[in-house]
Structures are given as C-alpha cells and as structure tokens.
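*Asks:* Protein chains in written order, with our numbering: chain A, 1 to 423; chain B, 1 to 423.
Be aware that one or more of the hints could be misleading.
Copies of the same chain look alike in the list, so a pair counts if it fits in one copy or across any two.
Said to hold, decoys possible - The calculated lysine-lysine pairs, modelled on DSSO-like cross-linking and capped at a C-alpha distance of 27 Å, are:
#, residue 1, residue 2
1, Lys210, Lys53
2, Lys374, Lys392
3, Lys392, Lys354
4, Lys113, Lys374
Keep in mind the hints are simulated off the structure, nothing from the lab.
What you are looking at is a predicted structure, and each value in this text was computed from that prediction instead of being measured.
2 protein chains.
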Amino acid sequence: MRSTFIDTATIIAVGSELLTPYRADSNSLFLTGRLNDLAIEVQGKVIVGDDQKMLAVAIERGLNDADLIVMTGGLGPTDDDITRDTLATVLNAPLVERQEILSLIQARFAAHKLKMPEINRRQALVPRGAEIISNGHGTAPGLWLEWRERVIIALPGPPRELEPMFDGQVLKRLALRVPSLRLARRVVGVSGRAESQVEEQVRPLYARWKERDPVVRATILGSLGQVELHLSTRASNLREAEISLNLAVEELVGALGRDVYTTEGLPLEQVVGTRLRSHGLRVALAESCTGGLLASRLTDVPGSSAYLDLAVVTYSNLEKINLLGVPVALIETHGAVSEAVALAMASGVAARAKADIGVGVTGIAGPAGGTTAKPVGTVFIAVAGVGVELVKLFAFRGERDMVKHQASQAALDMLRRILDDHE
Amino acid sequence: MRSTFIDTATIIAVGSELLTPYRADSNSLFLTGRLNDLAIEVQGKVIVGDDQKMLAVAIERGLNDADLIVMTGGLGPTDDDITRDTLATVLNAPLVERQEILSLIQARFAAHKLKMPEINRRQALVPRGAEIISNGHGTAPGLWLEWRERVIIALPGPPRELEPMFDGQVLKRLALRVPSLRLARRVVGVSGRAESQVEEQVRPLYARWKERDPVVRATILGSLGQVELHLSTRASNLREAEISLNLAVEELVGALGRDVYTTEGLPLEQVVGTRLRSHGLRVALAESCTGGLLASRLTDVPGSSAYLDLAVVTYSNLEKINLLGVPVALIETHGAVSEAVALAMASGVAARAKADIGVGVTGIAGPAGGTTAKPVGTVFIAVAGVGVELVKLFAFRGERDMVKHQASQAALDMLRRILDDHE
Numbered sequence: 001m002r003s004t005f006i007d008t009a010t011i012i013a014v015g016s017e018l019l020t021p022y023r024a025d026s027n028s029l030f031l032t033g034r035l036n037d038l039a040i041e042v043q044g045k046v047i048v049g050d051d052q053k054m055l056a057v058a059i060e061r062g063l064n065d066a067d068l069i070v071m072t073g074g075l076g077p078t079d080d081d082i083t084r085d086t087l088a089t090v091l092n093a094p095l096v097e098r099q100e101i102l103s104l105i106q107a108r109f110a111a112h113k114l115k116m117p118e119i120n121r122r123q124a125l126v127p128r129g130a131e132i133i134s135n136g137h138g139t140a141p142g143l144w145l146e147w148r149e150r151v152i153i154a155l156p157g158p159p160r161e162l163e164p165m166f167d168g169q170v171l172k173r174l175a176l177r178v179p180s181l182r183l184a185r186r187v188v189g190v191s192g193r194a195e196s197q198v199e200e201q202v203r204p205l206y207a208r209w210k211e212r213d214p215v216v217r218a219t220i221l222g223s224l225g226q227v228e229l230h231l232s233t234r235a236s237n238l239r240e241a242e243i244s245l246n247l248a249v250e251e252l253v254g255a256l257g258r259d260v261y262t263t264e265g266l267p268l269e270q271v272v273g274t275r276l277r278s279h280g281l282r283v284a285l286a287e288s289c290t291g292g293l294l295a296s297r298l299t300d301v302p303g304s305s306a307y308l309d310l311a312v313v314t315y316s317n318l319e320k321i322n323l324l325g326v327p328v329a330l331i332e333t334h335g336a337v338s339e340a341v342a343l344a345m346a347s348g349v350a351a352r353a354k355a356d357i358g359v360g361v362t363g364i365a366g367p368a369g370g371t372t373a374k375p376v377g378t379v380f381i382a383v384a385g386v387g388v389e390l391v392k393l394f395a396f397r398g399e400r401d402m403v404k405h406q407a408s409q410a411a412l413d414m415l416r417r418i419l420d421d422h423e
Numbered sequence: 001m002r003s004t005f006i007d008t009a010t011i012i013a014v015g016s017e018l019l020t021p022y023r024a025d026s027n028s029l030f031l032t033g034r035l036n037d038l039a040i041e042v043q044g045k046v047i048v049g050d051d052q053k054m055l056a057v058a059i060e061r062g063l064n065d066a067d068l069i070v071m072t073g074g075l076g077p078t079d080d081d082i083t084r085d086t087l088a089t090v091l092n093a094p095l096v097e098r099q100e101i102l103s104l105i106q107a108r109f110a111a112h113k114l115k116m117p118e119i120n121r122r123q124a125l126v127p128r129g130a131e132i133i134s135n136g137h138g139t140a141p142g143l144w145l146e147w148r149e150r151v152i153i154a155l156p157g158p159p160r161e162l163e164p165m166f167d168g169q170v171l172k173r174l175a176l177r178v179p180s181l182r183l184a185r186r187v188v189g190v191s192g193r194a195e196s197q198v199e200e201q202v203r204p205l206y207a208r209w210k211e212r213d214p215v216v217r218a219t220i221l222g223s224l225g226q227v228e229l230h231l232s233t234r235a236s237n238l239r240e241a242e243i244s245l246n247l248a249v250e251e252l253v254g255a256l257g258r259d260v261y262t263t264e265g266l267p268l269e270q271v272v273g274t275r276l277r278s279h280g281l282r283v284a285l286a287e288s289c290t291g292g293l294l295a296s297r298l299t300d301v302p303g304s305s306a307y308l309d310l311a312v313v314t315y316s317n318l319e320k321i322n323l324l325g326v327p328v329a330l331i332e333t334h335g336a337v338s339e340a341v342a343l344a345m346a347s348g349v350a351a352r353a354k355a356d357i358g359v360g361v362t363g364i365a366g367p368a369g370g371t372t373a374k375p376v377g378t379v380f381i382a383v384a385g386v387g388v389e390l391v392k393l394f395a396f397r398g399e400r401d402m403v404k405h406q407a408s409q410a411a412l413d414m415l416r417r418i419l420d421d422h423e
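Next comes chain A alone, as it looks inside the complex:
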C-alpha cells in the first residue's frame, strides 16, 4: 500500500544542452534542498535531451519509481521544447489552449512594447486537466498534474524563473501533501583539519545521533581547506527539532573545538569580517603568491570597507621594499619566500595603512619557481598586530589556483583564531 503522502521524488531535467560537456543540471540541487525540507526524499535524477520518445520513457519510469516527478525545462516556445507535448501523450491528456495564459503572455510582451511572436502561442497549450502555475519572471507557466496517486510538476528551466515559482507557489501546495514534520538544519564549518580527521572524530557522534529521537542526520563535505558538516532533524514541531539539533551541534563543537569556525553555515571570510567589525579592528593585506585572492574574498562580504582599508599585491621585490618597507637585507639573506619577509610584509602593510592588523603572504604558487628547498606550494603566512606576531609555513599541494585558494583559506583561518583570542 502506498501512502497517500508524497514520500519520494524523481527529478527529470529536460534539455539537450544538459547532455553536452559544458552544462550541468544545477536546478536539481535547489529542488533537492526544498524537497528535503518537506521530508520528501529524492530517489533519483534523470537528464534527457530534447527527444520526445526518450522523455516519454523517462516520465513513465518516474511514475513507476516515485510519488512525485519534478520536471525542469522544455517549456519554452520553440520546437525543441517538448515537455508539454510529451506529457500530453504519456498521460493521454490532449493539449488545450488556455485563454488566461495567452492573455498573460500577450500582456507581458505589451509591457515591453512588443507584439507577441506567434510562436509564443504554444506556451498557452497545456495538457487537459493540468493546473497552471503562473510565472512572474518569464512567459512559460509551470504545470501541476495529478495522475492516479502521483503528482507531476513541470517547471521552466531558468533558475530565475524556477526558484521564485517553486518558493512562491509550489512549496505550499506540496506542504499539504506531506506529513506535517518540521525540519531544522545547520551547517557547521571546520578549518584546519582534513576531511578524514574530522570524520574520525565525529563518527562516534553519528552513531549516537542515529539512536536519538528525533534522529539527527549528518552529511560531511570536504573541499579545499575546509570541511562542512550538514546536520538536520525532523520532528512534529520545530522546537523539538531544534533542541535535538542544538544538542548535536554542541557535541560537535565539543569534539572539534576551535577548528569549528561557524555553526551557521557562514563562509570563513564573513566570520573573519564579523570578528573584525565587532572588535573595531582594521586590517591591511600584503599578498604575493595569492595575487589578490585574499583581498577579493574579504571584499566579497558586504560592508567590508568598514574594516579593510588597503590591500597590496606585491609580486616584485622592489615593491616589497618600496611600498611595504621590507628591508633589502632580509630578502637578500632569506629570500622573498621566507618567514622573515612574510612578517616584514605583514607589519609593513599594517604600518603603511595605519591598520591594527597586517597579513603577509609570500610563497610559490607554481607551476614554475619551485626549488628543492622550497617546492611549489611552499607558502609563508604572517599576521602582525594587536600584540601578536605569528608566522606559519605551509606546504600546499595541487595546481596554481588550488595553492592560491588554500593559502587564502589558511590566512583567513589564522586571522580568525587570533581575533578569537583578542579581547
């Protein structure tokens, strides 16, 4: 016996461009997040081209596999847009022209002082019995179809149309079709440890969380220089879900300590920015091998002008000397990629900008420039100011952009820890 609730979904992305080497289906990530929030599990995803026969097969299989099919794409006005026709065939529900859609599309063109091209008339055709989901951001309406105990939702491909349509209209309709469980979700960010180290540390917690009521689910995701733990719980009310989740987050912080930089899913640069702002401190950056990436990440945070005055990228020794006041002798004795020069860059840029804290990064991003003593990936990062002088040596692996990214991540993390210690 099937539940009358929607438990499971299949996502079908339609479009030949999604079968090229150049474009991945990204809508399904958004949709999966929203469906999971409703406690609907995505059992599978299918990507098909603009081919009616193949799409028909995919829809039939989807109806067999899951309670809900969410389709994306193929609702445009051209011959390549096959979703409407294929649904009509598979569900044996002939297309009918809906005057209210036609009027909306015509109005949309009129608002831009354009006449509706005849081709757009096709977008007013819908399989008989379908309900229309209006589109505030484009001409293609979405479709909601019921077939036996299944639901099929067809949404337009462009994210700027699909996302508001889902959040504005689909979400609340779907919510009526799932058990009234509330979901709580937290993302914990960890830096300074490898994914395997984090996993080892938290495995005992996983086991404990599985036994809890409500169960806490966890996913671990490692990327360059950081690890994220995605935790979620579902319960009949939100408070219950949150209590269970908060306990799990506390246990995680207990196990991982200061390596946790956020329990709210914030990016590291934003965490650093918030700390700088709350301490009323200003930072200045002197970058060599990161080439501006550290500055660019910090300035990705809105309002970062409040705490970042100056960043300089000094590739050449001359600029390190002229602009940052790095003593020539230091470079001659230790080389530009050295502990001493990183420190002199950090304190030099802080002095120049009259900032409270300076950060200096010097290293070898590659692919050329490495030596036996200082291979590609060798990076010195220094932080100077607020009574602290700290320099660390890193040996990063990977390509030029990976070295740049890891070095920017390590610099942000050093800043974060120093700011945490600052009173």
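Keeping the supplied structure of chain A fixed, place chain B upon it in accordance with the hints.
*Replies:* Same frame as chain A, now just chain B:
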C-alpha cells in the same frame, strides 16, 4: 538492426551524496566531452543513490537504452559501495576474488608503510568475466564488462582517479569500437555582447554550417560578461575536419569582429597576459569595488609575475590619495566613484609602479552604497598608458559578486582591446 559500433551511451552516477542538495555530478561533463570526441552520443544521464535495487533497475534500463553504459562511483571498500555487487546480480556474473588486484592494493598500502585494512579486500572482488582497468591513483580498479552487444564500464568516483583512468586506458579501447571519424573542436570566446546579440548575429551561419560536409555543430553558452561558442566537426580524417572548422571560425570572426577575444578557448585573463608579454609591457592595477578580483584573475595565469608588478586595493579615500596620488580636490568635486577618480587611480598606480599601463576601477558593488544618481552596479573603469587614456562607465546588474565579476571582465576586455591596437 543494431550497429556493431558503439553509437550511444548512458552515464550512471552512483552515490547518495549526489542526491543531496550539496553535490552535483560533475564527472559526467568530463565523460561526455571524451565520448563526444569519439562520436559517441550521450543519450541520457541517471543519478542513483547507494541502493542496490534502484541501481539494478538503472543498469537494466541503461542496457535497454544505449550501446554503452559508463558508471561512476560505488567502487570503494565500504558497505555503501554497491556497484560491484549490483553488476554481479544484474549480469548474473558472481563475484570472484582476483589475486592480482589484491596484490596491487596491498602494495599500495605497503608503499605508505600501512597494512591493508581487511575491508579493502572487497575491492579485489569482480564480476566473473570482467576485465580490470588498473587505477594508478587509488585502490579501486575500474571494470570493463561485455554483455551481449553492450559494453559496461565502471569507473571510480573521484575525478583524480577517473580522469587518468579514462584517458590512459579506456579511451583507446573505446576507439576500436567506433567508426574511425576524427573530431575537431574549437571554442570561440566573445566579450562585449549579450548572448542574444551574439545568437542573432550567428544564426545565419548556423544554418549554413548544417548544410556543409562535414557538418559544423555549434553550441552557444553565455555566462556573466562573456559568451562562448563551441564548434565541432567530424570527418574521416582530421585534416578534413579541421579545414571545415577553420572556415567556420573565420566566418564567425568575420561576423563578430573584435568582440572575439579567443578562437582557442583561452580565458580572457590569459589572452590579456599573452598580449602584455608579447608587447613587453607591464601593468599595475588600482582596484576599489572589485576588491582584488582583477588582480587575482590576472595572477591565475602562470608566469603573470612577468607583467604584473603591483596591484593595490584602495577602499578608502585616504589610500587613494596617499598611495595613488589621487588629488583630494578630484574626490571632493566628483566623488570617489567618478570618471576623474578612475583615471587618476589608473595613472597614479602606473606612476607609482613605473608600469607601462595602469588600470583603475571604482564603483558601487552593493548591496549598500547606491544612490539615485549612482545606483549599485555603477562602475567606472579607466586604462592609462601607452599613449591611451580611456575611461568607461558601466551599469552592471546583479548581486555584489556578480558586479565584481562583470567589472573585472570589463576591465580585462578594455585592456585587451587597447593592447590589440598597440603596435
């Protein structure tokens, strides 16, 4: 009647993490590129979780749909790794332990001075009759299976294992199973025009190319601040394919003129870098709203230290004045976001670094800081040097990071055009 050649493929990605909101399948883009190079068309993609029953269904469907199934993931040593077992069940080919795999895995651990965990023994199990594809970068071997007239290839999930395995071992085996058509491919990059403008311009060419022998296929891909046209031809010999493709590229350049920045798929920052290097010119950057992104993009190019000495991010007026010599009066009269200040930043940073060309970027990245006269997205970009003084006003749309990206793209494009005119 089926061809004995492999014409069509289905890609099956296995892994529950690919059914979360956090991780997309990216291997299929790499695989699609390689399969298309062999003239194998990817008809569909399927993503399933770590669920034997669902994977079995997906494999059966794949065998029905296409000549070739390429599977990725699910070859690890844990209980969640179900590819081997499921293949054994579907193909009715019981698992057998292969001593040569076991020895390789043990040797791999021994090389790291580790004892092989018992759990890894599972990776030496393969469905009877499978051929082994050795893995130079991990413990999981790939599998090549023949079933009736179908081929199934199972590859490990991590790209650093999958990609060399495919290129080193799979490609040449597959090449024996396809008609000996040669593929030529070119990527043409266009800046300074919207996707729809490019499309309008090249639509007449598309029609012409379809009639050619060999046919030229084209895909257009727009992203923030640039448009790419991916062209390909297949012919019985490479020279024939290339002649046809070269003609198409020439026609494209004829239609789009100087808006084409590459016909070789190079990123814009690399094109600019190559021009700077070949002219023997050095550039210096003064960034405000792009916050170091322009410097970071230019320094993503290996060897960029040859032409970039200095980049500064001057968020504050004080640093614009002190470091770049922007006259106080200019800022007071025109504001920091103005044509005059952009120009003064460009010439100021060039003078300071004794560079041949200076670039100045000042604008409002948002979300705050906009006014009626200068809304968020207002950006002035100036280039000064080599006898040129040019400043342009842009009105970009989108979020902070989108404004930053578009501004960096526009600055690189201005540099490119000026360098092209330079002799």
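*Asks:* Against this structure, judge whether each hint is valid.
*Replies:* Going through the hints against the structure:
In this homomeric assembly, Lys210 and Lys53 come within 27 Å of each other (Cα to Cα) only across copies, at 23 Å, whereas the closest approach inside a single copy is 43 Å. Taking the closest pair of Cα atoms, Lys374 and Lys392 come within 27 Å of each other only inside a single copy of the chain (14 Å); across copies the shortest separation is 43 Å, beyond that limit. In this homomeric assembly, Lys392 and Lys354 come within 27 Å of each other (Cα to Cα) only inside a single copy, at 23 Å, whereas the closest approach across copies is 32 Å. Only between protomers do Lys113 and Lys374 lie at most 27 Å apart by alpha-carbon distance; the minimum there is 26 Å, versus 63 Å within a single protomer.
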